Structures are given as structure tokens and as C-alpha cells.
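From just these sequences and the hints, can you work out the full model?
Chains P and E are the protein sequences, given in the same order.
Just so you know, the first sequence maps onto residues 1 to 113 in our numbering.
Just so you know, the second sequence maps onto residues 1 to 111 in our numbering.
These are calculated hints, taken from the structure and not from any lab test.
Any given hint could be a false lead.
Reference listing, derived: stretches of chain E covered by chain P, where coverage requires no fewer than 3 residues with Cβ under 8 Å from a Cβ of chain P [claimed, not checked]:
no. : stretch
1   : 37 to 45
2   : 71 to 78
3   : 83 to 97
Over the 12 Å line for every Cβ pair with chain E, so calculated as not near, a few chain P residues [to be verified]:
no. : residue
4   : L13
5   : N28
6   : G53
7   : N62
8   : S67
9   : L69
10  : R72
11  : L78
12  : E95
13  : Q100
14  : G105
15  : T111
16  : V112
Being a predicted model, the structure only gives us computed values, none of them experimental.
Where a beta carbon is used, it is the ideal one built from N, C-alpha and C, also for glycine.
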Amino acid sequence: NAGVTQTPKFQVLKTGQSMTLQCAQDMNHNSMYWYRQDPGMGLRLIYYSASEGTTDKGEVPNGYNVSRLNKREFSLRLESAAPSQTSVYFCASSEGGTAQKYTFGSGTRLTVV
Amino acid sequence: EDKVVQSPLSLVVHEGDTVTLNCSYEVTNFRSLLWYKQEKKAPTFLFMLTSSGIEKKSGRLSSILDKKELFSILNITATQTGDSAVYLCAVGGHNTDKLIFGTGTRLQVFP
Numbered sequence: 001n002a003g004v005t006q007t008p009k010f011q012v013l014k015t016g017q018s019m020t021l022q023c024a025q026d027m028n029h030n031s032m033y034w035y036r037q038d039p040g041m042g043l044r045l046i047y048y049s050a051s052e053g054t055t056d057k058g059e060v061p062n063g064y065n066v067s068r069l070n071k072r073e074f075s076l077r078l079e080s081a082a083p084s085q086t087s088v089y090f091c092a093s094s095e096g097g098t099a100q101k102y103t104f105g106s107g108t109r110l111t112v113v
Numbered sequence: 001e002d003k004v005v006q007s008p009l010s011l012v013v014h015e016g017d018t019v020t021l022n023c024s025y026e027v028t029n030f031r032s033l034l035w036y037k038q039e040k041k042a043p044t045f046l047f048m049l050t051s052s053g054i055e056k057k058s059g060r061l062s063s064i065l066d067k068k069e070l071f072s073i074l075n076i077t078a079t080q081t082g083d084s085a086v087y088l089c090a091v092g093g094h095n096t097d098k099l100i101f102g103t104g105t106r107l108q109v110f111p
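Set out below in C-alpha cells:
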């Protein structure tokens, strides 16, 4: 019963470096999401994918790109990391449509120095 | 603009106390309100409410929705130290599976 698996759990980057956060779900969910969580800001949507092959911007997409590789996997890429991207990143999935009940991964704590 | 506001931001209580967490919202074409509990890592699902006045209950936790006044409350009775967490409220509209989250209420329960 893995649910949603995120890797890595922790990462430290230097400003300007790039990296990809990986997310995979085994619940046959259609929709997947990337959120970031900052103190006092709650969870903010970066990008989401309503189905395989489609992606859309959320509330805070600048500086990020995503790929919905297949139904199971949804990756988030930082092309040129900035200190403002220091955050905890959560991947989530749901059945889609109007199901709206998310299952979250355990998060990635990213620090950009 | 759609938004979710939770109060209080932080709450400190002793074991055995009863607490009430509040969530008010403004969202286009409301469909559902969800409560999540977040300890050190991933938020975990507690309740989803879609109808006014119907209480959802799980052990010592309960929640109710008022669609007329646009708010929900989460009650926790006889609190325990294991209830210490951030409680997140989220709202979704029709024709979308995206959720809008509040900033959360941090609950600390001391022995």
C-alpha cells in the first residue's frame, strides 16, 4: 500500500542548479498535483495534471516545469533554482473529475543556498 | 478571488480539553470542504463535507458544514497529545478537482 511516493526526501541545491522531483502513485488515479508549503502560506498549487498527457499551471508556476510521464508518474523540475524556491514540496493524487479527495506523498524538503 | 481562512492560527491546550477549529471560505460554485491532519509529513484525510447540517464523526473528531454562512468547524473532544498537528481546511468547486487550502491551525496538546 505505497500510495504516493516522492523522491528525494531532502535536497540542498546551490542557486542556479537544476533538479527534478519525482512522484509516483500506484492507486490508478487520473489527477496529480504539485504543491509547495511555506510557513504562514499554506499549501499553494504549482502545477497539476488532470490526466495523462495534460498539464496546467496552478497558483505559483513560475520557475517550475512538469512532466506527466505516464498515468503513474508526475515530475517537477526546477531549471535554475533560486533561494525563493526553498520550501517543502508535496505531490498528491486523486481519482479526478470532482472526486477531490487527495492522497499526499511524504514531501521533499528543498533548501536553495 | 477564491479563498479559505482558518482560525485560530495556533492553539495550545491541555489533555482532556475540547477544541473547535474554524474554517470560512469563499469559492466559486462550491462543491465540497475537506479537513486534513498534518503531523510531521504528509497531510492525511479526515473528512469531506458536501451538505449543510450533516455532522461527520470519527471517534473524538467531528465536523459540520454551514453552506449558508460559508464555514465549517472541526471539533476535537477529550484531546490527547497525539492530536498535536496542523489541521488544514480545503475547498473545491464543481467542474474541477483542484482544492484551495487554508493556512492551517497549529494545535499543541500538552499533558
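So, going through the hints one by one against the coordinates:
1. 37 to 45: holds (count 5)
2. 71 to 78: Since three or more residues must qualify, the claim that chain P covers the stretch 71 to 78 of chain E is violated, with 0 doing so at under 8 Å.
3. 83 to 97: With 7 residues in contact (Cβ-Cβ under 8 Å with chain P), the coverage given for the stretch 83 to 97 of chain E holds.
4. L13: holds (21 Å)
5. N28: holds (15 Å)
6. G53: Consistent with the label, G53 (chain P) stays out of reach of chain E, its closest Cβ about 16 Å off (over 12 Å).
7. N62: Label holds. Min Cβ-Cβ 18 Å, cutoff 12 Å.
8. S67: Check passes; 19 Å lies beyond 12 Å.
9. L69: Since the minimum Cβ distance to chain E is about 20 Å, L69 (chain P) lies beyond 12 Å and the statement holds.
10. R72: Holds: least Cβ distance 17 Å, greater than 12 Å.
11. L78: Non-interface label on L78 (chain P) holds, nearest chain E Cβ at 21 Å vs cutoff 12 Å.
12. E95: violated (8 Å)
13. Q100: violated (4 Å)
14. G105: The claim breaks: G105 (chain P) does not keep its Cβ more than 12 Å from every Cβ of chain E (closest is about 6 Å).
15. T111: Correct as stated: the minimum Cβ-Cβ distance to chain E is 17 Å, above 12 Å.
16. V112: holds (21 Å)
Of the numbered hints listed earlier, those contradicted by the structure are 2, 12, 13 and 14.
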